[in-house]
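There are 2 protein chains.
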Amino acid sequence: MAAAIDFYFDFSSPYGYLASHKIEALAARHGRTVNWRPMLLGVAMKVTGGRPLPELPLKGDYARRDFLRSAKFHGIQLRIPAVFPISTVPPVRAFYWLQGKDPRNAVELAKALYRAYFVDGLDISRPENVIQVGERLGLNGAELGAALNDPEVKDRTRAEVEGAIAKGVFGSPYVVVDGEPFWGVDRFEQIERWLATGPF
Amino acid sequence: MAAAIDFYFDFSSPYGYLASHKIEALAARHGRTVNWRPMLLGVAMKVTGGRPLPELPLKGDYARRDFLRSAKFHGIQLRIPAVFPISTVPPVRAFYWLQGKDPRNAVELAKALYRAYFVDGLDISRPENVIQVGERLGLNGAELGAALNDPEVKDRTRAEVEGAIAKGVFGSPYVVVDGEPFWGVDRFEQIERWLATGPF
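Protein sequence lines correspond, in order, to chains V and P. Take the first sequence: its position 129, counted from the start at 1, is 1085 in this note's numbering, and no numbers get skipped. Take the second sequence: its position 10, counted from the start at 1, is 966 in this note's numbering, and no numbers get skipped.
Repeated chains share a single entry, so a pair holds when one copy, or any two copies, can fit it.
Here are the simulated DSBU-like pairs of lysine-lysine, each with C-alpha atoms no more than 35 Å apart in a straight line: (1) Lys1028 to Lys1067; (2) Lys1123 to Lys1002; (3) Lys1123 to Lys1057; (4) Lys1028 to Lys1002.
It is worth saying that the hints were derived from the structure and are not from the lab.
Could you build all of it, start to finish, from the sequences and the hints given here?
Right under this line is the structure:
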């Protein structure tokens, strides 16, 4: 059986959000499954010396325009949240906590968190909002709330984020197919060809 | 008649080089012409606080891989030059000098300079190499050499580069269609749709 595709993303990344709508179908067309791997762009930026796109002179204005236009291009609903960008430690912890218990539901939680942020404008940097999203999916809110401060969940999250950076992940989305890295939802056509015909 | 498309690029930019192979056909499919407008990424980076991709930790390694893979994806010959990236003041001056006399030939010179750098590995930051490329196209080498130090050509070049930055151009390629900016050869599909169906 062909290896799963690694899909790294940051919950505050509009391009990661767009990619989250496309990655499963892309993989399925080529008989692959997807490992959803939320990471923290802010930690990666300490290595690359980068700064959030929206803060950069000239690039920031362009980026806001491109987020919205790219969403329309792909036919995906997107609003730039009032609080943007954000640090997303709580959603990442929620994801890895649930993944340890129920991997398939963890993917549904990731999609719901993205939607809450980029469609409903809910500030998912706040634990109470992450809990609210989880409860709507049928998770136990008290259990989820406790998980967000559980040392084991924190360690797992840290290990995942550091592991991503050790593998060279510096952006969102960042997809790895059989060892080959692809950065950006605008590389999905290259991924498609790579999966269809092999390395080029 | 529909307005021309503005095509901004840096002669040291691999993605600009790839775009240079595609922009004319893209425009022609929609009854448009192209204004070729070389600029200097190094000057723009002083505004955005950016640094050349190849110098960035993690991103640099990825970028080199992506340059080559993207070239193969588009079916365009590309080698990463031994001296890379470079400052490209002489080729930009050569372009604007020739454009003042013979706009169509200036586009041919731009293509020849790109090819000299990204296929033959010629360091086009050196005036003598720019002159060599011009001579191969039938230009008078002595005249071109003199133009590279002509105060009028220098002023024109400075005005073009500053004008580009004033319009928000911060990357290469950077295409403006009826006031709408598109950054990157990976936005050419969005340009195509914009030209075909109008704003989205």
